[in-house]
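Trainee: Protein chains in written order, with the numbering used here: chain S, 312 to 717; chain P, 312 to 717; chain B, 312 to 717; chain H, 312 to 717.
Just so you know, the hints here were simulated from the structure itself, not pulled from any lab data.
One thing to keep in mind: the hints can contain errors.
What the hints assert, rightly or not - Using 20 Å as the maximum straight-line C-alpha spacing, the simulated EDC-like pairs for lysine to aspartate or glutamate come out as follows: (1) B:K673 / H:E510; (2) H:K673 / B:D529; (3) S:K661 / P:E542; (4) P:K661 / S:D316; (5) S:K456 / S:D620; (6) P:K569 / P:E535; (7) B:K569 / H:E477; (8) P:K456 / P:E477; (9) P:K318 / P:E420; (10) P:K673 / S:D532; (11) P:K507 / S:D351; (12) S:K569 / P:E542; (13) H:K696 / B:D518; (14) H:K661 / B:D529; (15) B:K661 / H:D463; (16) H:K661 / B:D463; (17) P:K673 / P:D526; (18) B:K696 / H:D463; (19) P:K661 / S:D511; (20) H:K661 / B:E528.
Said to hold, decoys possible - A few chain H residues facing chain B, derived, Cβ under 10 Å: (21) W461; (22) P534; (23) A692; (24) R710.
Unchecked claim - Here's a subset of chain S near chain B, in silico, CB distances under 8 Å, partners left out: (25) G489; (26) D612; (27) P638; (28) E639; (29) S650; (30) R708.
C-beta atoms are modelled at their ideal positions from N, C-alpha and C, and glycine is treated no differently.
Number of protein chains: 4
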Amino acid sequence: MPKSDIKKVVLAYSGGLDTSVILKWLQVTYDCEVVTFTADLGQGEELEPARRKAQMMGVPDEHIYIDDLREEFVRDFVFPMMRANARYEGDYLLGTSIARPLISKRLVEIARETGADAIAHGATGKGNDQVRFELSAYALAPDIKVIAPWRDWDLASRSALIAWAEEHQIPVPKDKRGESPFSTDANLLHTSSEGKVLEDPWEETPDYVYSRTADPEDAPDTPEYVTIDFERGDGVALNGTAMSPAGLLTALNELGRKHGIGRLDLVENRFVGMKSRGMYETPGGEIYARAHRGIEQITLDRGAAHLKDELMPRYAEMIYNGFWFSPEREMLQAAIDFSQKKVTGTVRLKLYKGNASVVGRKSPVSLYSERHVTFEDDAGAYDQKDAAGFIKLNALRLRLLANQGD
Amino acid sequence: MPKSDIKKVVLAYSGGLDTSVILKWLQVTYDCEVVTFTADLGQGEELEPARRKAQMMGVPDEHIYIDDLREEFVRDFVFPMMRANARYEGDYLLGTSIARPLISKRLVEIARETGADAIAHGATGKGNDQVRFELSAYALAPDIKVIAPWRDWDLASRSALIAWAEEHQIPVPKDKRGESPFSTDANLLHTSSEGKVLEDPWEETPDYVYSRTADPEDAPDTPEYVTIDFERGDGVALNGTAMSPAGLLTALNELGRKHGIGRLDLVENRFVGMKSRGMYETPGGEIYARAHRGIEQITLDRGAAHLKDELMPRYAEMIYNGFWFSPEREMLQAAIDFSQKKVTGTVRLKLYKGNASVVGRKSPVSLYSERHVTFEDDAGAYDQKDAAGFIKLNALRLRLLANQGD
Amino acid sequence: MPKSDIKKVVLAYSGGLDTSVILKWLQVTYDCEVVTFTADLGQGEELEPARRKAQMMGVPDEHIYIDDLREEFVRDFVFPMMRANARYEGDYLLGTSIARPLISKRLVEIARETGADAIAHGATGKGNDQVRFELSAYALAPDIKVIAPWRDWDLASRSALIAWAEEHQIPVPKDKRGESPFSTDANLLHTSSEGKVLEDPWEETPDYVYSRTADPEDAPDTPEYVTIDFERGDGVALNGTAMSPAGLLTALNELGRKHGIGRLDLVENRFVGMKSRGMYETPGGEIYARAHRGIEQITLDRGAAHLKDELMPRYAEMIYNGFWFSPEREMLQAAIDFSQKKVTGTVRLKLYKGNASVVGRKSPVSLYSERHVTFEDDAGAYDQKDAAGFIKLNALRLRLLANQGD
Amino acid sequence: MPKSDIKKVVLAYSGGLDTSVILKWLQVTYDCEVVTFTADLGQGEELEPARRKAQMMGVPDEHIYIDDLREEFVRDFVFPMMRANARYEGDYLLGTSIARPLISKRLVEIARETGADAIAHGATGKGNDQVRFELSAYALAPDIKVIAPWRDWDLASRSALIAWAEEHQIPVPKDKRGESPFSTDANLLHTSSEGKVLEDPWEETPDYVYSRTADPEDAPDTPEYVTIDFERGDGVALNGTAMSPAGLLTALNELGRKHGIGRLDLVENRFVGMKSRGMYETPGGEIYARAHRGIEQITLDRGAAHLKDELMPRYAEMIYNGFWFSPEREMLQAAIDFSQKKVTGTVRLKLYKGNASVVGRKSPVSLYSERHVTFEDDAGAYDQKDAAGFIKLNALRLRLLANQGD
């Protein structure tokens, strides 16, 4: 990026060492103004320290943005995704992937508000997050410039980074001096951990990696039952108490934490072409995802349900790969949202030592018909003789085929 | 079915009351010979009583077939299906569905051997099993006749059935006199339960319904670690000990039983158009399914893995609906089997109170490359600058779109 | 259907011999009132004779419905389907399939208006139309009764039908006495022909079967150029003249007829399990379908376009099989309609002796960027070096795979 | 690419000006040996001039490879692709895309034979061909180096290229001095044209662009009928005369040329993110593709046929994007090839002024059953009453849905 092109940059700033180094590096390298943006996505960290650090590095107050995005995150990103029952590669609930487009959306908005010509992020050149940040940004602001210092600078090792920080008067916390044994990302939906101690996929994840969930072995010995109410595909209440989207997910996180729910050890395929091993904790998300499937079981027609299941892997892949703001994701969302019009009712779950099991579901608009399914007399609701014709015609092509000859 | 068309019928005969009534009913109604076929699919019941009952009802010895199909069942049906990671409607491991085509295959073979012109089964007119039996039979023997007494006779209630049995000197076991509170199907892969006490999907499944798994609350308080070895997509060893397909599944069932693994409470969509609520116990199958995904994580390329994930719901639907012997299932199987050529290696799982978690995987043909993924110096394996071009070209169409105008 | 259940029936009545026989048969068999419904879907026949015949058979005027549904047909059925570029089995533009749900919708509406308890149609038990009529009716009026005389009566041959007609004083037109050499269905979108002379799929369709299109050999020797304007995915003008949906299709039919466009000889797979051979003439529809793809080429993003292409076969199958009024079709429609927001612009086609070729397309919201694609200097719009990184990361997984070992 | 890494390069060499400049540029830039590879893919050009030019530029005879790949091209690439009925974006028969992997395969083989460490091609940085060449090469030889001079050198304009050529004593043919009004690619399957005069998608393709097909207006006024025989999915004879794959395609090309068949004007979406406008002539391929669909109509079961149709867009996209040598393409190929086991028989087509219409098909293993489909008495092959049950059960879920309430 030619220096002269960059006058003002909006940086996704956590307040941590890495993005602090980036902040300074942008100032030094581009001789430009830096606007910091720090989002509260429910990662569970204080945000005011980020403000103080930005101030310390000379960022004027009007260029320091600290936003609580928790409700928007859950309402406009997590819940729509959950309507699709999205899991990447069969299991991953996409906790990191779904947060990136929201951050990019705000980066671009702030760039417009402040007249900045570029945005910057602290994702490395090996991961998916750079792709997610940048595809989202380009989709929303096609002429934005994006600076990804990890791809550009020559700070190739941790010690180089720390040396550079010290050279530029950036305080290096004591616990950051040594190598962290793994790296994490956290928000209201999940905490992910990867790297170093996790890099051998044969080695079990050490206990100290987990931060969001109790070990199932330490979880309560007594199951806990909860209910979640859904309206039109979205959760609206826990145990009968109405809650906002972020409120509900927060409460479910606490339940999941307590019962050791939502741990996932995964080797996944990154969009950039390599496999990586990650450990995910998605306590409330796992409960919510199971509950959502539970309510769909009685309120969604088979045609809709099966179509959703078939579309889901593509939908999840789009989100994983960073194509949230793309016509294909929005098309699928239109189809999925259409299907949720009557996904309304209550699911009862049993939480116990890592398990979140649906044990009951009811709905004012249930499609489940005891009258039809019963082994007892069904009072003519279903004529068993119809099945003969049904089978005969389904079999016809197979019978013709069996006579095809060689 | 005109009487005169039916000279000899092969009946899928369990030895239980219902199929005993059917045996007699066929003799009485069609004045025909009945050949009984009783399969050992690992349902865990003695088969010799079935022989004695058939003899008692006048079936000559050469018309009594009792086959141990356990190895064929697991090798040629369960394992191929598991290669696809098949789960119907997100969860169901298809334990009943996958057994039906094998039974039909044998029914048809025996019909040919004995010169029978028809087969008969004891599935009702409301369920999926009639469809599965009959589609399989027609696909293999397009001109076979199929008799499904439950759709034809007028024994509309349990008491009518028992009265008819008594009238025809069929012994009615004491415990069959009252109404069974639910009905079950069992084989080496699973036990399913449905009906009566399970018919209200809001009511939790009562404890007494479970027969194959310990209650997780009663399972051992200490986790157990196991390894499963895979070769070309199929399990071949447990804890390093080589086992046959049925041997492996039997051993996993015991482990799953002990640790309370594989319980599933589901409301599902039947092919015949109604929703039904079932409870499944698939102890070994659940462990195996998770292990198979685990080994694929490090041995399967992303392109193959994602294609499999996208095809899976259709594949599972085909099996659920009874289209095992169909060109479309076989086409998908060809694709899936192709993908498994190097799905070889070892998975380590932790079993604990209902959880079967993959905690490690290794393979001589692993695609996981620590060299590429490491946060440490990768010695040039990956050039982070490539990511910039990768993102730029992936973003190009989105940028053009953002400039599309209105 | 028990007689006593049927008090009043709404019959889809064409005024032809077959449905006249059905009218009388319903009166005689059920001793019920019959309401006739005759739709103008652009089939090109006078409808007043149908009124007179109904009157002759004693149907009171208030029970004779004759509706011009042409605009609704094109606007709410044909155009939405065309947005999807739907072709069944690669070729068929679904001209018959798409008309059936509209007829059923009106049948059901009229049943409600007149307090009828049943509807009746003249489709046979071997075809798709019975399925389409009935699925649509049941989806809209789950408790409606449906009478399909062809499946119920014992008029197994043409001569039996004619004898019955004469016996009941139904006038039999002279040209209906002999066997028609094929049967047809027509509406504004197409004419289909099948049966008898077409039943051998090796024999070329005789000239006399074609009724809607000139033989390409007799078509003008000079090509004709036309333009079609689209707005948000739907055609709105021909050669710059604004037209209603039905107006546009009518005008395109005339052009297609003249230039011999839209003939299709197909062996297709019916939903009821057999193959059938049909000959379709879809003159205006073929031109329209090609034009729609043409305008999408420059206005639709690749992600949206490819997703549409992948979903299309399922969508077409749903319509062919009669599931227009189903959640899965409506979900796909939601996705497809979402994609059409900017499918606006003008397509130029060349019509010549059976060919309808897109030769130009332009749009105020074109995504085609000469600046990017040019072989000439692109003034920096595209950095060719980005391609190196793009390829490198797309190749990474393939390179790891090539090193996988055995 | 560091100079010192490159000792010997295999160049895909056409003998034309551009690749001659590349040959010299490689010698000059890398001071390396260049091995030339010139393939006969049926592009219709003399190859010996390429030999002489390579010799002139100092390439020793043992480093000049000229291979006739026509049979391999059609047998192992075109025909397998045609089995899938592959068309990209609804229309494009992938003539360029399918040739690239074969060229790369030979480049890599020659690199191994000659101990070369790199390959080079003449594709630009804006197109798809660079991706196709390189993905194929990396998939087959993960450590190969690839040189794409158009992305690397600073010959940004045509005049710069010509100046460089003259400076380095490369003969510049007179007709190459001016700007060519468009660029082409040709092989046995097709000729593509793009660029310059074609860059405005509103302008009709000028007559002089076409080189492989007669203008339909100049084509014979009399239709010509031909038959093509298929065995197991592949064409084997024309008008009853057995032919090799390349022989058949060559003969069909002549027929297509004469009758003006296979012209396609398309705006397509490139993998690198932009839209481009191309004109394709695929005379024999278009006839063959239609014939293949024709034979499938009577020999392929509906389940297989519909699955193929659904998979096709992905399959075509894989080939278009350069993923021929990928597990996902090979998986789909396994499924497709499985389906072709009985795609055997004869198709009759009518060729006339741009139209290639299937007018008849027959097969010893036809699935078309006149007995079932006939309007006449079918002697009990099909029981129309079965349709009632078939419809009833297909409707059941829709009826439950209609009663769902709000």
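Trainee: Verify the proposed pairing of K661 of chain P with D511 of chain S, using a straight-line Cα cut of 20 Å.
Mentor: Given that 20 Å is the threshold and the Cα spacing comes to 17 Å, the pair holds.
Trainee: When you check the alpha-carbon spacing of K661 of chain H and D463 of chain B, does it fall within 20 Å?
Mentor: violated, 42 Å
Trainee: Holds or violated: the hint that P638 of chain S contacts chain B, with Cβ atoms closer than 8 Å.
Mentor: holds, 4 Å
Trainee: Does the structure keep K661 of chain S and E542 of chain P at a Cα separation of 20 Å or less?
Mentor: Outside the cut-off at roughly 37 Å; violated.
Trainee: Holds or violated: are the alpha carbons of K318 of chain P and E420 of chain P at most 20 Å from each other?
Mentor: It holds: about 17 Å lies between the C-alpha atoms, which stays within 20 Å.
Trainee: Run the distance test for K569 of chain B versus E477 of chain H: straight-line Cα separation, threshold 20 Å.
Mentor: violated, 57 Å
Trainee: Between K569 of chain P and E535 of chain P, is the straight-line Cα distance small enough, at 20 Å or below?
Mentor: holds, 10 Å
Trainee: Hinted pair, alpha-carbon criterion (20 Å max): K661 of chain P, D316 of chain S. Please report holds or violated.
Mentor: Answer violated: K661 of chain P to D316 of chain S is near 55 Å, above 20 Å.
Trainee: Does the CB of E639 of chain S sit less than 8 Å away from some CB of chain B?
Mentor: Constraint on E639 of chain S satisfied, holds at 4 Å.
Trainee: Hinted pair, alpha-carbon criterion (20 Å max): K673 of chain P, D532 of chain S. Please report holds or violated.
Mentor: Judged against 20 Å, a Cα distance of about 33 Å means the pair is violated.
Trainee: With a cut-off of 20 Å on the C-alpha distance, tell me whether K673 of chain B and E510 of chain H pass.
Mentor: holds, 12 Å
Trainee: Against chain B, with CB atoms and a cut of 10 Å, does the hint on R710 of chain H hold up?
Mentor: holds, 4 Å
Comparing the model with each numbered hint stated earlier shows that hints 2, 3, 4, 5, 7, 8, 10, 11, 12, 13, 15, 16, 17 and 25 do not hold.
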